[in-house]
Amino acid sequence: MVRQCVDLSASSFIRLNPSNIVKKFSCGDDDLDDFILRWASAFQKHLLSVSYAYVDDVSGRILAYCSLANDKVAITDFKDKAEFNRFRKKRGFPNEKRLKSYPAVKLCRLGVDMTAKGQRIGTTILNYIKSMFVIENKTGCRFLTVDAYLNAVPFYEKNGFRFMTQDDDDPHTRLMYFDLLDIV
Amino acid sequence: MAREIRETPILFGEDARRFLARMEERHPEPPEVRAQRLRDYEFVKKAYERGMAEKRAREAANGGIDPWFDNA
Numbered sequence: 001m002v003r004q005c006v007d008l009s010a011s012s013f014i015r016l017n018p019s020n021i022v023k024k025f026s027c028g029d030d031d032l033d034d035f036i037l038r039w040a041s042a043f044q045k046h047l048l049s050v051s052y053a054y055v056d057d058v059s060g061r062i063l064a065y066c067s068l069a070n071d072k073v074a075i076t077d078f079k080d081k082a083e084f085n086r087f088r089k090k091r092g093f094p095n096e097k098r099l100k101s102y103p104a105v106k107l108c109r110l111g112v113d114m115t116a117k118g119q120r121i122g123t124t125i126l127n128y129i130k131s132m133f134v135i136e137n138k139t140g141c142r143f144l145t146v147d148a149y150l151n152a153v154p155f156y157e158k159n160g161f162r163f164m165t166q167d168d169d170d171p172h173t174r175l176m177y178f179d180l181l182d183i184v
Numbered sequence: 001m002a003r004e005i006r007e008t009p010i011l012f013g014e015d016a017r018r019f020l021a022r023m024e025e026r027h028p029e030p031p032e033v034r035a036q037r038l039r040d041y042e043f044v045k046k047a048y049e050r051g052m053a054e055k056r057a058r059e060a061a062n063g064g065i066d067p068w069f070d071n072a
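Just so you know, the sequences run in chain order A and B.
Oh and the first sequence: position 133 is 133 in this note's numbering, straight run, nothing missing.
Oh and the second sequence: position 9 is 9 in this note's numbering, straight run, nothing missing.
Honestly, the hints are just simulated from the structure, not real lab data.
For each residue, glycine too, the CB sits at the ideal point set by N, CA and C.
Hints may be right or wrong, so weigh each one.
[Said to hold, decoys possible] Derived, one-sided and incomplete: chain B residues facing chain A with beta-carbon distance under 7 angstroms:
hint	residue
1	ILE10
2	GLY13
3	ARG50
4	MET52
[As the list claims (entries may be wrong)] A few chain A positions that, by computed beta-carbon distances, are all more than 10 angstroms from chain B:
hint	residue
5	SER19
6	HIS46
7	GLY118
8	LYS138
9	CYS141
10	LEU150
11	ALA152
12	PHE155
All chains, full assembly: derive it from the sequences and hints.
Here you go:
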């Protein structure tokens, strides 16, 4: 795969709708490719996520895409999940003192085409998303969350994300978050 | 099929304590990082406004279908 110099000033950022079928995209990760090529449209149709694409106006290439959905971060003062479940069974749903949640947006997918990597496109999109949710947010949103692929963890750490839990040992991903209050 | 994205978990115990403590701290971004972020925001915002205006025009001219995706 030959990397090509991308002129972002000759590119557009668009919101995809369910009828927009992306036919060609390869970021080097089969899961991310599969989502934009086969599933993004259905997720959009059922209002589960919204996908955006960076497109080269001249060649028509999809340079990058991202997909966003609403999320929340819930925090409880129970010491572990077992104690939480015992309480739920005994007393019904926990009262607000024992479970607090904060609004968040989940970065479901973010992929940059192999031909356009190494040109800050991912960081540029991430900076846009962060700013969008503090400058022109229509609803309250405190955190940006992501289920990051292991090889993308350094990218997210470099961009100010932190690990959600200490003992996350998933073989594929790490749950991470960014506190949007840090950029207000 | 693309792998399922894990849901954000409810935080318990030490994870919850650590998270709340972190929420109380402020970690403002350095001025140069902030300036770059805002430049990126303005840049993509313009690319979005331009891209969506062109996309809507293509759709209006083609009965609601954007033919651009047939050629992409």
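Results of checking the hints against the structure:
1. ILE10: 4 angstroms, holds
2. GLY13: 4 angstroms, holds
3. ARG50: Since chain A brings a Cβ to about 6 angstroms from ARG50/B, closer than 7 angstroms, the hint holds.
4. MET52: This hint holds: MET52/B lies near chain A, its Cβ roughly 6 angstroms from the closest one there, short of 7 angstroms.
5. SER19: Check fails; 6 angstroms does not lie beyond 10 angstroms.
6. HIS46: Per Cβ check, HIS46/A is outside 10 angstroms of chain B; nearest 15 angstroms; holds.
7. GLY118: For GLY118/A, whose nearest Cβ neighbour in chain B is about 16 angstroms away, the distance exceeds 10 angstroms, so it holds.
8. LYS138: 15 angstroms, holds
9. CYS141: Per Cβ check, CYS141/A is outside 10 angstroms of chain B; nearest 13 angstroms; holds.
10. LEU150: Holds, because the least Cβ-Cβ distance between LEU150/A and chain B comes to about 12 angstroms, which exceeds 10 angstroms.
11. ALA152: ALA152/A is indeed farther than 10 angstroms from all Cβ atoms of chain B, at 13 angstroms.
12. PHE155: 15 angstroms, holds
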